[in-house]
Each structure stands twice: as C-alpha cells, then as structure tokens.
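Please arrange chain B on chain A, whose structure you already have, making use of the hints.
In order, the protein sequences belong to chains A and B. Quick note on the working numbering: the first sequence kicks off at 1 and runs consecutively. Quick note on the working numbering: the second sequence kicks off at 1 and runs consecutively.
To be clear, the hints were calculated from the coordinates, so they are not data collected in a lab. Being a predicted model, the structure only gives us computed values, none of them experimental. Don't take each hint at face value.
Some chain A residues judged to face chain B by a derived CB distance under 8 angstroms, without partners named [claimed, not checked]:
1. Ser5
2. Asn9
3. Lys36
4. Ala37
5. His38
6. Lys40
7. Asn221
8. Ile224
9. Lys228
10. Lys253
11. Glu254
Note that the Cβ used here is the ideal one computed from N, Cα and C, for glycine as well.
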Amino acid sequence: MYSDSKDINRTTNIEIDLILEGIFNKYGYDFRNYSKAHVKRRLLNRLTTSKLNSISELQHKVLHEPGFFEIILRDLSINVTEMFRDPSFYLALRNEVIPILKTYPFFKVWHAGCSTGEEVYSFAVVLKEEGIYDRAQIYATDFNHDVLDIAKKGIFPIDRIKEYTYNYQASGGKQSFSDYYMANYDSVIYDQSLKKNLVFAEHNLVTDSVFAEVNLIICRNVLIYFNKDLQNRVIDLFHDSLINGGFLGLGSKETLQFTTKANSFEIINNEEKVYKKKIIKK
Amino acid sequence: MSYKAIVIGASAGGFFALKKLITALPSDFSIPILIVQHISPTSDSYMAKHLNKLSGLTVKEADEKEIIKPGHVYIAPPNYHILIEEDCTISLSTSEKKNYSRPSIDILFETATFAYGEELIGIVLTGANNDGSSGLLSIKNSGGYCIVQDPDEAEVDTMPLAAIKTSNPQKILTIEGIAKLLIKINNASKKQNKIKKKKKDIN
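If we strip away everything but chain A, and leave its shape as in the complex, we get:
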C-alpha cells in the first residue's frame, strides 16, 4: 500500500515537471526553477479546488484555456504584503541608506517583485519625510499584471489600517500615518502625490534582464520561492543593475551568504539584510 503512495508521488513529480515545461513553452512564464515544494503545494491545492484528478488534467486545462492559466499564475505568485512590513527594515533604511541617497542630486530605486505595492508606497512615504522624494525615480515591477493594476491605483482595504499605523510608527515615521491617506467607505486612498515619481511596469526576474542602473533595490520575500540556481541568477541581475556602492535590501530570512555574489557585497545591516555593492576599481 505504501509503496503505492511513493509511486504516486513519483508520478506527481513527473507531471509537475511537464506542466511547468508546458507553461513556459506556451506562455513564457518560467517556474521551472522555483522551489519544488512551493510549486507542488500550490498546484495540488488548485487540483483540489478545481475537482480534477491529476496534474496531467490540470495541464490539459492550462494549455487549452488561457483564462485558467491566469488562475494558475495567481496561485504560483505570492501576494502577501503589508504597509511597512517588518518596520525595523524601514528604520534601517532611514538610518543607514537614506543619508547616502541624500548625497545624490538624483537617484533611482527599484522595487523588484512589488506585488500590490504596499511596500512601494511605504518607502515613498519615507522618501517624502526625508525630503528627497522629488529627487527620486522609483520603478516598481512584478511579473503579474493583476497585482500591478492594484498597485497603480494605490487604493487598499481599510481593515488593516490599525496594524499599518503601528508599523508606520515602529518604522520611524515622523508624522501621523493618517496624513498619507484618505478613508473612503471600506477603502483608503493613498496620497496621490506619492505616485508622482513612481513607474509600475511588468518585469519578470526569471526571464527578463537589466533595464536601468539604480541606487537601491528592494526585493523582499521573493528569493525564498526560488531554488539556489535561480537565486544566484537574480542576485547577478541585481548586481548588474546597481551602481557602484548601490544598496540591496532583502527579506529578513533571505541572505547573500551562500550565493555566488557573496563577496561582491558588503553587509550594511545583517539583521535587516541590507547590503552594499562593493566598489569595483577599474
């Protein structure tokens, strides 16, 4: 009986490799180097909710129904985020990165894998309070156009505003958080002037390349869904996108330590995972 469950698992793994290959060939989205455990869990959940019997059936549906592919795309991307998520990270940026950005007449920031944009607006607030928002060009990218549409609007549900207010204060916020939004029924609309220097665009970290030279990259809780090879590829991409002495901020459990570029960055804040690209002497 139990050798059966082993065999079923083996077959499921083969089917997963095939569906990912199919999705890549048909739609161009490459999940082949994502964390296998993550992909498998999300696909098996979709299998249950769609009342299908096997990943092969799921594959048939995905390849023949572009609408169904959109659902799988959402399943495979994680869009859990919040305003000033991990407030201590923003405090570290305020204390250790902002003073350097202030020395530039003009600088660029890239939020990679920005999801619905909460963290983009959070950092825009920081830039505003530090008086350097007008000198910034901010790019916010994600591979999922649905989440970008939400991000562009800058309208979010009101139910988490209490938590966000706490986060804002803990992140070193200098004013009242309510200065930055207007409540309207069950939504809040963020101060539209925060959008002035913001560009939202589709970009896929797995398949796309460098598009700008930037001073700061913020990419939090994205790398954890990738396998080692893909993590290395993306760190290389970040390295190539940063100016000499540019900064990289990762999620609290993500580290450059075991990547191929570990020696190309210096650690600015180990707890908050803030790194600085070493200056390459020519």
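Just chain B, lined up with the frame of chain A:
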C-alpha cells in the same frame, strides 16, 4: 523500520510541552526534528535560543534552503511557513495563513510527507485549534508513524482531540511516553544503520 525525520506541531501550551520533550532526548539522538510552534508574528527567536541552551542537541531557527542534518532541531521562524523540499532542505514561505496560522503545522507535515514518505514520524501536541490534523492524516496515509499527546495531559486538548479524530494515530502518549518511544526508535534505527554498514563493508 528506520525513520529519517520527526515533525512536531504545537500551539497553545506548546512551549512547556516542547521544552519537556526536547530536553528529555539524549545528546546522541540523531533523527532530525522539525517543529512548528504557533507564535506571534512579531516575536523573536527566543524559543530556539532557550531550548538550545537546555538541550544537548543543536536547536536553531530554520534558515532558508538549509540542509536538514542529524542531531539538529529546527524551529519555524515567526511569520514564516516552513516547507520541506524533497532533497531534504528547508524552504520558507510567507504565503497566506493556513488555519489562521503562519507557520502552519499542516504545511510542514504535508510537505514532509512528500520528502520522507513512510520514514516520517508526526507528532501533534497541545493546542487550541485544529491545525495539524489534516497534515497528520497525510503522514498516516503515506505509511508514516503518528503520535498525539494524551489529551488528558495536554494543557489545551482541542488540537490533540482533533488530530486523534482525523487521523487515528498509532500512539496516544504523555510527553514522557513520547520521549521514551522516540529514544527507542532512534536506538533501533542506529542498530539497523550499523547492520547496513557492516553488510556494505562485507560486500
């Protein structure tokens, strides 16, 4: 039967139950242990540090893509799910809460089942919800060994009762009983490994 990993889920009252269980294991206990304890998302890694001081084993917070090693106890970090990859490394995830929880016991148990199959031991301890029940059932269905803390002993019996009802575990034991059983299983698999090694050497 030899086992490659032990997964443990605990919620309300779990800290003391885990402390009792982990400190009862000898320092040569080799089967790796992976733990989800429900905890506030903003708490620090106090639990891993504290247990590490008290135990002869290496107790640590699970790191992203960390290789699972014998003699180690891994605890899910606050606000992250832990998933076991089939190459026996740990992945972290910030995906949606499951059973109102992140970390979720079910997610650890289900992914560990894929990685270890029948060579897995799953344990559900005290708690006030039913996280872990469906995960324990998947361990049972794959031929793994399921243990639930005796509801009479558990500080909160909801989680053990739910797990017993859903998965009909092989054993329902007190913490002391669980520790004794794990030590027995560990010693047995050590012997088995020795025999296997001897056979290999002869060949």
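Output the indices of the hints that this structure fails to meet, ascending.
Every hint satisfied by this model.
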